[in-house]
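Asks: Given these sequences and hints, build the entire structure.
Listed here are the chains, written in short residue letters.
There are 2 protein chains.
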Amino acid sequence: MSKVELEDPNYVALCEHNRETGYLISTAALLEWDQQTKMPALASEYRSEQITHLAGLIHERKTDPRIGEWLDQLAHSPLAKDPESDSGATIRILKREYEKRIKLPATLVMELARAASVGQTQWVAARRDNDFDAFAPQLKKIFELKKSEAEAIGYPEVPYDALLDEYESGARTSDVAGILEALRQELVPLVAEIQASSYRAPVDILSRKYPIDHQRKLGRIASEKIGFDYQQGRLDVTHHPFCTELGPSDCRITTRYDENFFSGSFFGTLHEAGHGIYEQGLRAEYYGLPPGKFCSLGIHESQSRLWENLVGRRFSFWQYFYPQAQRLFKDALGDVSLDDFYRAINHVEPSLVRVEADEATYNLHIIIRFELEQAIINGELDTDDLPEAWNEKYRLYLGIESPEVANGVLQDVHWSAGLVGYFPTYSLGNLYASQIFDAASEQLGSLDTLFQEGDFSPLKNWLNVEVHRYGQCLSGPDLGERVTGKQLSHEALMNHLKEKLVPIYGL
Amino acid sequence: MSKVELEDPNYVALCEHNRETGYLISTAALLEWDQQTKMPALASEYRSEQITHLAGLIHERKTDPRIGEWLDQLAHSPLAKDPESDSGATIRILKREYEKRIKLPATLVMELARAASVGQTQWVAARRDNDFDAFAPQLKKIFELKKSEAEAIGYPEVPYDALLDEYESGARTSDVAGILEALRQELVPLVAEIQASSYRAPVDILSRKYPIDHQRKLGRIASEKIGFDYQQGRLDVTHHPFCTELGPSDCRITTRYDENFFSGSFFGTLHEAGHGIYEQGLRAEYYGLPPGKFCSLGIHESQSRLWENLVGRRFSFWQYFYPQAQRLFKDALGDVSLDDFYRAINHVEPSLVRVEADEATYNLHIIIRFELEQAIINGELDTDDLPEAWNEKYRLYLGIESPEVANGVLQDVHWSAGLVGYFPTYSLGNLYASQIFDAASEQLGSLDTLFQEGDFSPLKNWLNVEVHRYGQCLSGPDLGERVTGKQLSHEALMNHLKEKLVPIYGL
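Each protein sequence line maps, in turn, to chains A and B.
If you're matching positions, the first sequence starts at 3 in our numbering and goes up one per residue.
If you're matching positions, the second sequence starts at 3 in our numbering and goes up one per residue.
Wrong hints could be hidden among the right ones.
Intra- or inter-copy, both count: the list cannot distinguish identical chains.
Stated by the list, open to error - Simulated crosslink set (EDC-like; lysine to aspartate or glutamate; CA at most 16 Å straight-line): (1) 40 - 238; (2) 462 - 101; (3) 40 - 231; (4) 211 - 188.
Hints in this document: simulated from the structure, not taken from any laboratory.
Replies: Written out as structure tokens, the structure reads:
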């Protein structure tokens, strides 16, 4: 802390209180990480009790009325003056979070928690049984509660704003909708053109036999090479890959391996390592406070997508890594040219399941969900009509349709868990990633020349300085504009996709 | 809870409060387990802060004055009447712990914590530098503080009673000293006789090459076979092996592997699995309360020693396991007879380092420490004179002497961490183990016949019923007497050692 900060007892108390809450939050994160990775099978019941108890303590601390008092005292402090300074951002963001929290009636918070818990259990069964009707009443209830949440919080234009703000603070629904609409209008015809092309990438080579030990080795080498620090992190195996941080020098990522599929674990590891590099790039001295926290989910996703797609699926990346991959996977890749491999990992084809989608069509999956959840929250669509609305959009945007709700409207966990307003951040991540990558290229010169030599540190260091170190001092939109010099738009992503796909598919 | 328990709001509140404290204690245990096993290298600083914060919360809860009020209300309740009943033991033990805690001045608690923290750091350096003088002032300070602790708590006969009670509640120094003195008087001549014998067991076979993967496999198989439940547990690798519980169905053990030594990991795994079987045998419904907690350190150690030594070093155990071991370690054991192997794993020889000592001489290491720390606490020895006193006892009891304090008086972490009164529980464990094993043999018939067939469940189930399920409802001495029908003495252990060692060494 600076001298002037240390002299304000309210500011010191506020920060200390939040840092202490951080001990509990990071401890709860360890309980969850362990549950996913190491915990013995029969320990889950007690683990839930431990997590619930900690969540209660954290909630108590976060609604401690002293926070309101400290913030009141700080309202006119010089420390609050510059909203982008470390102290200004701390005060601004803790105030926003505290006010939001106390606006929500405790009964609503509890109802939401219960509905999400019941919802996830029902969703698992409904998905297994391919039975939308079994889940429909609970889904309606969850969306009704999310509407109540939006009303309790308040919003500038539409109720959806309130929910989006939880994950992408500073973004308005109208802005995001405008950008994604423009993206859709260019993406749908591009995907249709690719579908109509006579060329088909040799994707079957990716389904040859890739021994898991060697997959693990290459994933570890590549994630370390791009800058994930294993002195401050780990890589483990879970069914659903994720990245979590348990302290300022403890970020853990996970992946899953399929002996008969190369891309899943490799690009999954790069993706999670990208999230991890962001976490490791935050300022440790602000751990537990807004300047040391990730900006928004969209910015977080931009960092994972940047390393996974913009870097990891780039020709120059593989000019460096392909010889290693060929040595490790002699049987699978010995007879495959770098060019064919590059085409295979960039193959584009409409499919039903979001998490398996390619770099281009992925965004259409997101746009569909974003349009549907907006329509429900803003009162234009009834949840009971979701299956039909879902299929209609898949027909229109992707030219395909799922005969089964399990692979259709029931495929994602998000809504069942009350995560409404979350989906668009995935595409915002892709958009930011392209725009940020372009800005880095402009400032650093030819990244391809560096990548060919296996030198990823200039890009990583640039991201540390230009993106990571801000934490929450800037909002997502403001950070994007600061880094890239322009407002977020669909253009950089579309350019990037066209540059890559037009030559591959001879469009 | 029973109906009558549920009807007493003070009892319900007391139990609920303790169960909630249990969430924090088990969570702190996870933070520590993770620190030893999985945590990235650079995360230790923040991890210490997390652990310290949780320790503070736990201490606050444990000294909550409401505990005193509930206990006052319960003093004359029918629930407190039978001190061995679940409710009676709960009230009795929580009262004892609460009163002890509030007797200790906060300043003393903090001074002790600081002295132990400084002590451990200084001890590491002093041991590395083989320099007792560098550690002597801090060691003196620690023992002075422990004397103050004993005075603050109070004691029936000698100050050492107060410290011993922390680890072995219900045991008096005079009783323990009497038993260990009798043990020493028989053990010293037995070890001397073995030393004088012309027979030398073929111990070098244990230092052949034992591939670590196969050590891991055999350790896992054997620990599971004797009853450690991996659905409720794990086995990991650490530098210092330990067993910890993180919940009623989550007990984790660790071991370390040395490719050139068979016994370390194998018997270490059995030892920790023995601790784990005890934890897994406690009643889950009482988790976090005295009836669901281990009785004492001596009883805990009896369970590890029983499986490690009484079972694991028994001929019949290896009649079952040796063919498997020979298959796994063809190069090392292919040409070794079962008889030679059995003699090697039971080899007895005086040595300087406690943790590497054999089953017989181990107790002499413990007796030396017990005698020395008693003498210091009771004012008969000055810590500055420890090195000489140490060497004198090693000469007398074991016939050897360390030229270096690093392998002498500085070898153990305990005193530097303020753990005074802890050492004798290791030998109490050995004594209880022999006596309990004899009781089991009497009641179950020939255990050897079962072991030869790989059937360890009758013994394990018997221990569950006769030892584990009591938790803290009985004290160590009372439990020992209940299970074995007699007071603790040196006889069972001596008989067991003689039965095994007299034929091996042809005495």
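Asks: Look at each hint and say if it fits the structure.
Replies: Checked hints:
Taking the closest pair of Cα atoms, residue 40 and residue 238 come within 16 Å of each other both inside a single copy (9 Å) and across two copies (10 Å). In this homomeric assembly, residue 462 and residue 101 never come within 16 Å of each other (Cα to Cα): the closest approach is 36 Å inside a single copy and 57 Å across copies. Taking CA atoms no more than 16 Å apart as the test, residue 40 paired with residue 231 passes between copies only; the shortest distance there is 15 Å, against 21 Å inside one copy. In this assembly of identical chains, residue 211 and residue 188 lie within 16 Å of each other by CA distance neither inside one copy nor across copies; the values are 37 Å within and 66 Å between.
In terms of the numbered hints stated before, the structure departs from hints 2, 4, listed from lowest to highest.
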